[in-house]
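Undergrad: Sequence:
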Amino acid sequence: MEVIKVRTGERILYIEKEKTETLYLNPKIWKVPGAGDEILGISVYKGRLAVYYCLGSGRDAKCGILMKPQGDLIVGVAAEELTGEEEIDREELTEVKPGIWERKSDQA
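Start counting the sequence shown at 1; every next residue gets the next number (full-length UniProt numbering).
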């Protein structure tokens, strides 16, 4: 599977390229009062709501990855760094969210 590798704090995530809609540098993300710790905030993409998840300890969104829409909602991942692309065997990964994975050996 072809993936985009990103760093979110101490965590490395692998985003499926075929399920990725777009990448943003320094995305504009608005905080949501009362949202859980996993939600960094929201944004709008092509007139649709995008919810950005913070799936690591980092809160600095230097890069935003938006997944292809599933219904009315677009899921995004906020990352501190885009570290590259690679081909990886799905058996080495655990799914965190649809199309978003982490390496089994990277888990604490």
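Treat the hints with caution; some may be incorrect.
As the list claims (entries may be wrong) - For lysine-lysine, the following DSS-like pairs were computed, each having C-alpha atoms within a straight-line distance of at most 30 Å:
1) Lys5 - Lys28
2) Lys68 - Lys17
3) Lys28 - Lys17
4) Lys19 - Lys46
5) Lys17 - Lys62
6) Lys62 - Lys31
7) Lys46 - Lys104
8) Lys17 - Lys104
9) Lys31 - Lys68
10) Lys5 - Lys62
11) Lys5 - Lys17
12) Lys46 - Lys97
13) Lys28 - Lys62
14) Lys104 - Lys62
15) Lys19 - Lys31
16) Lys97 - Lys62
17) Lys19 - Lys104
18) Lys31 - Lys97
19) Lys31 - Lys17
20) Lys46 - Lys62
Stated by the list, open to error - Distance ranges between label pairs, derived from CB positions:
21) Lys31 - Glu85: 18 to 24 Å
22) Glu86 - Gly47: 19 to 25 Å
23) Lys19 - Val44: 17 to 23 Å
24) Lys46 - Lys104: 14 to 20 Å
25) Lys97 - Val44: 17 to 23 Å
26) Lys104 - Lys19: 29 to 35 Å
27) Glu86 - Lys31: 21 to 27 Å
28) Lys17 - Arg48: 38 to 44 Å
I should point out that these hints are in silico values taken from the structure, not numbers from a laboratory. We treat Cβ as the ideally placed atom computed from N, Cα and C, and that holds for glycine.
Undergrad: Is 14 to 20 Å right for how far apart the beta carbons of Lys46 and Lys104 are?
TA: 35 Å, violated
Undergrad: Below or equal to 30 Å on CA atoms is what counts here, so check Lys5 against Lys62.
TA: Holds, because 14 Å separates the two Cα atoms, which is no more than 30 Å.
Undergrad: Should the hint that Lys31 and Glu85 are 18 to 24 Å apart at their CB atoms be regarded as holding?
TA: 30 Å Cβ-Cβ, so the 18 to 24 Å window is violated.
Undergrad: For a C-alpha distance cap of 30 Å, please report whether Lys19 and Lys46 respect it.
TA: With Cα atoms ~17 Å apart, Lys19 and Lys46 stay inside 30 Å; holds.
Undergrad: Hey, Lys104 versus Lys62, does the alpha-carbon distance stay inside 30 Å?
TA: 25 Å, holds
Undergrad: Would the hint linking Lys68 and Lys17 be met if the CA-CA limit is 30 Å?
TA: 10 Å, holds
Undergrad: Would the pair Lys5 and Lys17 pass a check requiring their Cα atoms to be no farther apart than 30 Å?
TA: 10 Å, holds
Undergrad: Please work out if Lys31 and Lys17 have their alpha carbons no farther apart than 30 Å.
TA: 27 Å, holds
Undergrad: Would you check the hint for Lys17 and Lys104, treating anything up to 30 Å between C-alpha atoms as holding?
TA: OK: Lys17 and Lys104 at ~19 Å, within 30 Å.
Undergrad: Does Lys19 pair with Lys104 here, judged by a C-alpha cut-off of 30 Å?
TA: 20 Å, holds
Undergrad: Is it true that the CA of Lys46 sits at most 30 Å from the CA of Lys104?
TA: Violated - the C-alpha atoms of Lys104 and Lys46 are around 34 Å apart, more than 30 Å.
Undergrad: Against the 30 Å threshold, does the CA-CA distance of Lys28 and Lys62 hold or violate the hint?
TA: Given pair Lys28, Lys62 holds - Cα atoms ~10 Å apart, limit 30 Å.
Violated hints, listed in ascending order, are 7, 21, 22, 24, 26, 27, 28; each of the other numbered hints is respected by the structure.
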